[in-house]
Each structure stands twice: as C-alpha cells, then as structure tokens.
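Enquirer: Spelled out from the first residue to the last, the chains are:
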Amino acid sequence: MSVIEVEGLVKRFGQFTAVGGISFQVEQGEIFGLLGPNGAGKTTTIRCLLTLIPPTAGTAKIAGFDVFKHQQQVREVSGYVPQDVSVDGDLTGYENLLFYAKLFRIPGVVRKERIKDVIRFMELTDKANELARNYSGGMMRRLEIAQVLINRPRILFLDEPSIGLDPAAKRVVWDYINRLRNEFGATILLTTHDMNEADQLCDHIAIMNGGKIAVTGSPSELKAGLGGDIITIVSSDSNCRQVLEQLGYRLMPRSQDSACDLVVDDGERKIPEIIDKLRSHGIGTLSVSLKVGTLDDVFLKYAGKRIGEGDLTFRTTRAVRRTARRHG
Amino acid sequence: MTVTRLFTDIFTITEFELRKIWHDSSQVFIRAVQPVLWLLVFGEVFSKTRVLPTGDYSYLQFLTPGILAQSVIFVAIFYGFNMVMDRDMGLLHKLLSTPIPRYSIILGKTLSAGVRSIIQALVVFILALLIQVHLILTPVSIIGVLLIITLTGMCFSGFSIFLASLFKTRERMMGIGQAIIMPLFFASSAIYPIDIMPVWLKVLARINPLSYIVEAMRSLLVSGDYHRIGLDFGIIILATAVMIILASTSFSRIIR
Ligand SMILES: Nc1ncnc2c1ncn2[C@@H]1O[C@H](COP(=O)(O)OP(=O)(O)OP(=O)(O)O)[C@@H](O)[C@H]1O
Ligand SMILES: [Mg+2]
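Going down the list, the sequences are from chains A and B.
Note that my numbering gives residue 285 to position 285 of the first sequence, counting from 1, and the numbers run on in steps of one.
Note that my numbering gives residue 1239 to position 239 of the second sequence, counting from 1, and the numbers run on in steps of one.
Everything labelled a hint here was simulated from the structure, so no lab data went into it.
Some hints could be false.
To give an idea of the interface, some chain B residues facing chain A are shown, with a C-beta separation under 7 Å as derived from the structure [what the hints assert, rightly or not]:
1) THR1012
2) PHE1016
3) MET1089
4) GLY1090
5) LYS1094
6) SER1097
7) THR1098
8) PRO1099
9) ILE1119
As the structure is a computational prediction, the values presented were derived from the model and not from experiment.
C-beta: ideal position from N, C-alpha, C; glycine also.
Bound-form chain A, shown alone (with noise of 0.2 Å):
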C-alpha cells in the first residue's frame, strides 16, 4: 500500500513555480529520498505535504488522508524535521523532548518512559540536561530527530538530515535513519543533495529539477540505466566535444566544467582506442579517467548539470548559510 501519493503537485509562490507537477508513491515501510540542488523544490513538497502550506494545484495523500481535508489527522500520524534548526537553543535536550511529549499529547502515564526511550535510542543521555544551544551540530540533529520520535509517527519527514554534519557525524545520523526504519517500521521520506547518502540510505529516489521530478527509481536502477562506465576526458581542445560526437560516441549532456563524459562498455579497453582516435584529428588530451557511474552521473544525464551546480537564489544561499553557521 502507499503511504503517500502524490499527483499533479504544484505550489506557486506569486508568479514563481517552486513545484510545478509532481507526482510519486512511498510505499509502507520504504525509505524514499527527493534528491536535488538548491531551490529545487524539495523543501516547498515537504511542507505542501505537512499541511504547512496550501498547494496550488494537485492532490496528496498521506496515510490515506487528503492534505486538504483532512490536515489534523496528516498532523496526527507525520513526524517532521525541518531543514532549518529546530530545537529551543533556551531550553534544556530533556525540555525540548517533554514539551513535544506534551504537545502531542502523550498520557502523563508514559510520558517519562518515552522520553527515556528517545533519549537512549538518539544516545542523547549525557547532555539531556544541558541547554541545547550548547550541543554540537550532530547532537542538536539527533534531538531534533528524537523531538518527533516521541510520537512514533508512521511516516517521518526528514528535510536535509544530515546538512551541515562532518562525514562522521553523518554516518551516526544516516545509521539512525536505518534503524527507524527497521526497528519502528516507520515510512521515511527524506530530501538531500548528497548523492551518496542517497545512494547508502533510500530504496527508491526521485531527482527533482527546477520544480519538476526528472526521473524516478532505485539507486541501483537509476545506475543501471546510464548503460555502462564514464570514461571523463579532460582536453585543452574546444573541439574535443564535437570530434567526439562525430566519432559516434554517447556524451552525457555538457556540464560547467570543459570535460567530456562519455558513456561506454567495457571501458577499460577503450580508453587506448579513444586516445588514438583523438589524436588522429589532432586533439591532444589533459587526463582521462574511468569510473564505473553513481548517482551523481545520473543526476547530470537527467537534469543537465552536475549537482551543486544549482542556481543559488538570495534565498537558498542564505538558508544554506544560515544551517551552516548554526551547526558549525
């Protein structure tokens, strides 16, 4: 069954199209990931489905329930983490997590076993009672996460988990992305543009672009389709791109930078016959180099560009910087 499925989805903010006609399903138990540059459109999806802000057009359902009608129960079974810092820096870790108990309204009964719960899983014991503006980046993720667990929601929301986190402390968050899944059976629809926690984390991602899905599927498959190895060729001749093409071979669309990246088989072989060819037409080459593909080259072969290469509005640029001096 699907958790959430969304069709047609679009927000317009004034004249401008953040969302401009989306459509997908996360199944039970599945961790779905929207992967794409700043300003894509992930964040604005995310709150369209929290009920947070209205759509323009389309439907969604979560849980079953529409995001028009019924908001209050879309609340009752979602858990959000928003991109952007959302633990009270003037409370304490342990007053962060009793004021959510409360609010969600958890009976006094079970109240303090709950909490104690988050509290261990997140491995938050130590500074429970410190205030939060003190924790570290990764600690002040791991409450937030441990904010919304209170509530065991069915269907966690996780906008850029792990932004801002050094390569370690990613890997501790991404560990506790897996066991929520595994342990609480929880639904898990996750934002990121970091192809590789992409490609650790989700079952199935969804490459977002200016507002519109550019394809969808497992890491697996999305790699698959790029049918075959990259050899990337890196020459100080602008003709390089051209004789290339006439030579027959597949180029993946131009990235910003002035190399050629050519989809082949067997491409440990070619690389020799390549260069030979090259010379023959009298382009001499920089450097080549050869890697099987990731996501990161199906993100150029469908969106036309290299990730990070995404055009940085005053808007996101400050959000960036904002989440970034937060946690760092």
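Given chain A, work out where chain B with the ligands should sit, using these hints.
Expert: Just chain B with the ligands, lined up with the frame of chain A:
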C-alpha cells in the same frame, strides 16, 4: 474532554515559554531599564515642577500605572518579532506540524506574555514602593491590577503576532515595534491627563485601549474611585478578544 485538552495545550505552550525565563532571567532586568528610567527621571522631575494638573494626586502617583502599562507593552510588542525568529529557524514549522490547533498556540503564547508581564511589572511595582509612591494596596486592587496586566500582555502580544503575519521579516518587525510603542504611549492617558490634550489627540486617546488600561489601574491603585471600572474592563476584554482572534486566524501566514 476537548476543553481539558484545550487547556493542557495552552498551559504547555505557556509553561515552556516561562521555563526560558527560568534559564535566563537577565532579559527581565534589561527590559526593566526603560520603565525604571521613566519613573525615576521623568516622574521625579515632573513631580517637583508640578506642571501637569493631576488633581489631588502627586504626579508620581499618576504616572505609576502608566509606567506599569508601559513595561507590559515592552514585553508584549516583541512577541511578533520572536515569532518571526522562530520562523527563520525551523521552530515554528515544527510546532505547526503537530496536531495542536492554531488558536491554542496563540492562546498559549499570549498567556505566557501575560505572565511574563506580571514578572516585568513587579520590578516597576517594587521600585514605586521603594521611592514611596503612595498606592492603594488591598487584595481587591492587587488582584484587579494583576488581571489587567495579564490581559494587557495578551492583548498586545496578540497584536504583535498579528503584525508579524503581515510584515514577516525581522527587520520590519524591529522597526514596527519601535514605531508603535511611543505613539501608543503618548496618545493615551499614561503620562498626562486626557483633559489637557488637543482635540485630535483626545480622539486618538479615547480609541486607544491603553487609555482604558491605565485608567482602570489608576482607579484601583490611586483614586479608589470605581465608577468607570466596568467600562474599562469591558473594553480591555473586548480588545484582547479581538487581538487573539486576529492573531489566531492570520498567524500561520508567517510561514507562507
Ligand atoms: N515562501 C516563499 N516565497 C517565495 N518563494 C519561495 C518561498 N519558499 C520557497 N521559495 C522559492 O521556491 C524555490 C524552491 O525552494 P525550496 O526551499 O523548496 O528548495 P529546496 O529544494 O528545498 O532547496 P535547498 O536545497 O536550498 O533547501 C526556491 O527558488 C525558493 O526561492
Ligand atoms: Mg530545502
């Protein structure tokens, strides 16, 4: 069932707003600086010069309720700003994603402004007693004044949250807070009697809820003359209700 739920929701929001003061009480004192200066400098000087006709009472007696109201408004008018800060972080989004109704959030926040206001007003109150302003202190007058202070805090914090839903950014809310406080204060009976105002100002003061708030506190603390207190309370309660309704219906716009 739903009524108990309503009250637990409201008290939860209020409780945690107040716990923040417990962790950091310095702001209570920072916010007290300005009212204290008004009372000590403005009040003392004008008391001595006797330029303002305050009838049978000293100017300090006349001014104290006005400054009490002022200290409350200083607390309340920044609630909208705080709301915008919570929005700029993820706090408000997370709060709004819980099942708790919008009006409970507003009632809880404004009630905490009311309680905070009492703490704030206590500072002014204690100072007034220290400099020996003669005030009527009976159980009725004290309870009455506490009630008025709470309602005032709720009324103006509601107003401020309503403004935040219109203006949305920190910079604008900061400016608006400052732009509003002084006119609100001068176009009321807080620092001089309405009788000596020019006509246009009289009209403004008559529609300014702050005038009725100050008038009610004056009846309770200074004159002991209760003949208009029913009207005063009626207007205070009405203004508070209107502000809370406005804030509840509009404030989720802050995140749009
Ligand atoms: N309230 C708003 N008013 C106007 N424009 C908005 C609003 N919220 C978002 N936008 C715009 O909508 C677009 C999508 O924003 P959104 O925050 O959904 O992107 P995102 O994919 O979450 O990006 P990021 O990776 O930076 O978080 C951006 O161009 C943004 O400027
Ligand atoms: Mg985002």
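Enquirer: Take the hints in turn and mark each one as holding or not.
Expert: Structure-based check of all given hints:
Look at THR1012/B: its Cβ gets to within about 4 Å of chain A, closer than 7 Å, so that hint holds up. A hinted interface residue such as PHE1016/B counts as satisfied when its beta carbon comes closer than 7 Å to some beta carbon of chain A; here the least separation is about 5 Å, so the hint holds. Here the hint on MET1089/B is kept, as its CB sits about 5 Å from the closest CB of chain A, short of 7 Å. With its C-beta approaching chain A no nearer than about 3 Å, GLY1090/B sits inside the 7 Å limit, and its interface hint holds.
Contact between LYS1094/B and chain A, as hinted, is supported at the beta carbon level, the nearest pair being about 4 Å apart and thus within 7 Å. With a least beta-carbon distance of about 4 Å to chain A, the hint placing SER1097/B at the interface is held under the 7 Å criterion. Because the smallest distance between the Cβ of THR1098/B and any Cβ of chain A comes to about 5 Å, under 7 Å, the interface hint for this residue holds. The criterion of a C-beta within 7 Å of any C-beta in chain A is met by PRO1099/B, whose closest approach is roughly 5 Å, and the hint holds.
Using the Cβ-Cβ criterion of 7 Å, the hint placing ILE1119/B at the interface with chain A is not satisfied: the shortest such distance is roughly 16 Å.
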